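J.: Start from chain H and add chain E according to the hints.
So the protein sequences, as listed, match chains H and E.
The first sequence lines up with residues 2 to 307 when you count with the numbering used here.
The second sequence lines up with residues 6 to 526 when you count with the numbering used here.
Think about it this way: if two alpha-carbon atoms lie no more than 25 Å apart in a straight line, the pair counts; the simulated DMTMM-like pairs of lysine to aspartate or glutamate are:
(1) E/133 - H/47
(2) H/211 - H/198
(3) H/100 - E/250
(4) E/104 - E/161
(5) E/133 - E/198
(6) H/225 - H/203
(7) H/100 - H/86
(8) H/124 - H/198
(9) H/100 - E/214
These are calculated hints, taken from the structure and not from any lab test.
It should be emphasised that the depicted structure is a prediction, and the values quoted were computed from it without experimental measurement.
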Amino acid sequence: MARYILYRMAHGLVVLVGVSVVVFLLMHLSGDPAAVLLPLDTPPEDVAIFRREMGLDRPLPVQYAHFLSRAVRGNFGYSYHYRTDALFIVLQRLPATLKLAGAALLFSLFFSLPAGFVAATLKDTWWDLLIRSFVLVGQAVPGFWLALVLIMLLAVRWQWFPVSGSQGWQSLVLPAITAGSFSMATVTYILRSSLLEVMAKEYILTAHSKGVGPWAVLTRHALKNAAIPVMAVIGVQIGWLLGGSVVAEVIFAYPGMGRLAVNSIGYRDLPVLQAFVAVMAVLVVLLNLGLDVLYAWLDPRIRLYG
Amino acid sequence: MTKLKRVVRVWMLVPMVAVVFVACRPKVTTPPGDTLPAETSSPRPSGTLTVGLSADAESMDPFYVNQAAGWSVVHALFDHLIDRDFESNLVPGLAESWKVVGERTLEFSLRQGVIFHNGEPFDAEAVKFSVERMLVAEDAPNRSKFTSIDGVEIVDRYTVRLLLNQPDGTLFDSLTSRLAILPPQYFAEVGAEGFARAPVGSGPFQFVEWVPDDHVTLAANEAYWEGSYKGQPQVERVILRPIPEAATRLAELQTGGIDIMQDLSTDQIATVESAGLKVVADETYQLAYVLFVTEDESLPTHDVRVRRALNYAVDVDAIIENLLGGYGSRIASPIGPGYLGYNPDVTPYPYDPERAVALLAEAGYPAGFATVMDISTTDRTDTAEAVAGQLAQVGVDVTIRSFDIGQFNQNWMERTQSPFWRARWGNTPDPQSIGLFASCTGWISRYCNQEVTALLEAAQATMDQEERAALYSEASQLMHDDPLGIYLWTSTQIYGLGSGVQGFRSSPLLALIVSGVAVSR
Chain H
2 MARYILYRMA HGLVVLVGVS VVVFLLMHLS GDPAAVLLPL DTPPEDVAIF RREMGLDRPL
62 PVQYAHFLSR AVRGNFGYSY HYRTDALFIV LQRLPATLKL AGAALLFSLF FSLPAGFVAA
122 TLKDTWWDLL IRSFVLVGQA VPGFWLALVL IMLLAVRWQW FPVSGSQGWQ SLVLPAITAG
182 SFSMATVTYI LRSSLLEVMA KEYILTAHSK GVGPWAVLTR HALKNAAIPV MAVIGVQIGW
242 LLGGSVVAEV IFAYPGMGRL AVNSIGYRDL PVLQAFVAVM AVLVVLLNLG LDVLYAWLDP
302 RIRLYG
Chain E
6 MTKLKRVVRV WMLVPMVAVV FVACRPKVTT PPGDTLPAET SSPRPSGTLT VGLSADAESM
66 DPFYVNQAAG WSVVHALFDH LIDRDFESNL VPGLAESWKV VGERTLEFSL RQGVIFHNGE
126 PFDAEAVKFS VERMLVAEDA PNRSKFTSID GVEIVDRYTV RLLLNQPDGT LFDSLTSRLA
186 ILPPQYFAEV GAEGFARAPV GSGPFQFVEW VPDDHVTLAA NEAYWEGSYK GQPQVERVIL
246 RPIPEAATRL AELQTGGIDI MQDLSTDQIA TVESAGLKVV ADETYQLAYV LFVTEDESLP
306 THDVRVRRAL NYAVDVDAII ENLLGGYGSR IASPIGPGYL GYNPDVTPYP YDPERAVALL
366 AEAGYPAGFA TVMDISTTDR TDTAEAVAGQ LAQVGVDVTI RSFDIGQFNQ NWMERTQSPF
426 WRARWGNTPD PQSIGLFASC TGWISRYCNQ EVTALLEAAQ ATMDQEERAA LYSEASQLMH
486 DDPLGIYLWT STQIYGLGSG VQGFRSSPLL ALIVSGVAVS R
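Extracted from the complex, chain E is given alone in its bound form:
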């Protein structure tokens, strides 16, 4: 057996030698392209910016993008007629200016001298083509946002009109992110599939390659037009890597594998800061609620006193402080801070469990009641449990049911959800979409207040933004007094930044804007 023992010793040695070999090699560096020294003062873009996203883009065709990861790519490759800047103001994009002509016509003066990445010039034809493609793209997730458009009229090469079938005050908002402008000639040459494989836009970066679930590589567009809020590209290359696991993204940030980490969780902040890296946190327009089924007369939540009591019963500030690390602001209605028509005079319900108990008794529930709350697995369970725990203090016994996001949404769409459900809604400061769950006519609404409905519908059909703001402001007070749910907080988007990252600004619109970001090592 001595021969065998010798063999065993040799075999045990092999991995040891391998480990020593690997350990003696130079440290593993990030993907190629990082060797150029970055000089941020130089006008020419240099270096590589690597970003760790939490998910992959679903398509390189902007018409089929409906999630934050995809929007980050869309805003890098493409431009829109109108943009929302980092402060959420409507600012010129490919349209230098726009005006409302009559009730049902929007006229845009287009920017001159803009060229697509393939050299094709941008003009009214490109706008006409892009809008018309959207109108017939029946499987495009955002088509329903543009159904008020009847047609496009070219006035001259740089003036274009959208002809509407009804006044639509929400169209400006939809044009900022849901209708990228595409090059018509190139699209005609390559077709829809070819376009999705090799997209061409007019944005600050151009497409290099996409390996799904691995990376998207973009290269600086040095001919990018001046004056975009996105800024000029500062790096030669951008690599966007989908890394679904948060712990892995953090490890990549710590080792310099990525420069920007999306979706840092509050419990990871301490690790990032202790490593000398930066944390950027900004509130978004996504609001968190526990919504109620209110139209069913057999349910306690049909009674407005019960709904108010439930708002008094939850110490939202304590949850924000203890579970969300202080990130997030309380909301008092579905028209959150920064929204068009935000009304600062409408203040959140104070935490007052005694009043809650009194109101419940008045409504005929002195001993409280038992109910069920649905949550989606993409939501945090601990905050839902905290809400349920506080409701238990006033006698409301909540059982939590968890669903994957698909089933959760399906229940909502088919109106089969439980009496309570934990919802998140909103990604732009335009409250246009809240009518869907907060009005008598919304198809996923379980709440009906005629006055609110009238105000929201009037705001939808008004082109004048100031008038819309006044209407939303009024609706906000009504929805506070006749609550459709427990109003919780604004969601916060948190990023971790490597030490070499300069010029990063977070956009409240969930997309990550990579132009304007420089990196030095």
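So that you can see chain H by itself, here it is in the shape it has in the complex:
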């Protein structure tokens, strides 16, 4: 098991280095930050001074080597836009993002796990039909539309929740629903199909035939095996929620990392973007490591042959 974990960690490290190269190159293909940061009326000689100050005039490999050597020490340089430590700015937003991602995941799982379970066990009943229609809607509705409808109904008309901001738990509800609705639909679907697949396996039939009650077959035999693909999907969804709740963060004026990243792209704020991607990559790699360990615990075949 220890070897397996070490192997997965090494794998994660390779991913991080790869991400750093890709990110560094992509950012530099997207244009010159000086064009965004300086007023249009800046004289060319001042633009040159600015580019020298920011280190933008050096060759790309030199900039990358410099970037990497500082990055491993947690130094991503100064934000061009905010003129302060880039990593600090990103980490400042991390708690808000974790809170929102957590709330969205909670919302998603609260509905999707029971719903997927019910849809599978009561297959082809009106419960199943209802849940599947709901899932279809959840996957089809775009986040920005859902967000605006939620604001109009729950915040403006009935005033149950604040429109936007980050004051208290109430302000988390609407963004969490917006961010979590897609993953709710996905997890429901996967759990349903995974359970149905497992329920058709021969060992379930054996369990039934030796007289085990239907509830016990489900909870003791089927669920654990059906959980593996579901765990994989949830892992992907968490990664997605961490970086992808941009729509919810922008519309609800929520001070998270996604909104920071979008703004930073607009400002071509390379240090902040690099710090953001690094923090995200580390989070996702750690998350996957955790999940890998969990799979191995759920399924001994993985730790033996993985």
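T.: For chain E alone, coordinates are given in the frame of chain H:
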């Protein structure tokens, strides 16, 4: 399976109970601090004013602020030597008066008895420190506006001189908003980073906290000096919240989450008015154009007849009326209404498509021509499409290319833009910066008229404001007759106000001035 169905029913009940629980709770109110009853007649500031801005400030250090959202904070926390009031007149700020001594010296008599928020007194040392910091702040976006300053000389504690390396008539304008006066002792104690974390100025409000992308909180400075055009603080607290999405800002205004909404769009006005809330709209100094590449001889726009034809071809009034909701005035040249040297005798081109067709034929384009127009994603596509549609009527086929603002500006700076590009320019009534795109020597200019260039350069190097006005006025006629683009309209800044807001005045300089605004609920 009955057990399972029971479980399902319980699970379905949980959210219903939660909804009922939430619904029965008292309505959600705005952030804390709103409970004090506001009495606007009382001299002491009271209540909380919450403002919804469209973007966050980029820094709390005024030297690194270059956008409207940041200026709103800067004008609340800091003062400048000279101010522009709500009518855009130059009025005393921290300097009570100023005079030009010789060609290359500006002398300021400073206001006495002003103290910074930390108790440090304001005097000539503070001016010297602030100017000198700007001169060496190589990464400060506005440093280039002060390159004519060679040094600062303290005459006595309340008299200070700026020594210039050349006469610079535009310096007054730059001093009104781009060079905030900072407390030297405090700055020395905390350093640049410490200052950006906890800024101290002499403005009507003092800094409380900044949570980036969430809010800036300011508290009234009850010792604010008398006589500022900004007025005394009327509320105890100001909360500035960046809310990027316009629909969300409007919802906040409707529910009382914010008192003032910045950047209301024209299609939201009806909603605001039907909710019984106020709308304040004021024209700014930002002018809208379609600019042309004119210096390239292979392009149709090299010919002045084509450029005039394009101005005749666009029904600008119809676009203002139908797409901008009537907000905005036509312009006839880059020296817009209210600008120094604005010439009311220079009138916009009338809408005359037949004349346009005739001029195009005369210039050798009887069948028109095809071209490309760049726009930035921060601009409205519908107005660009309307302009293109009207040009198509006279045979000019325009393809629109859209860029994010960074790429758009980069193309402009590197002179790689298309033959037409949709530009917005200007935020003060001083036309100082138009030479950059309207003269032979401007580094982002694609237009060269020697006479215009001579006039603009003379205006730049003259300290006498009346003489400058005369020069700009003359240039305005020339730029009308030899157009560098299609002259469109002045941009309008529109605010939505909650019913309890009193005393709000919009500044044409894009910053939102929060002192002087009272709020009652």
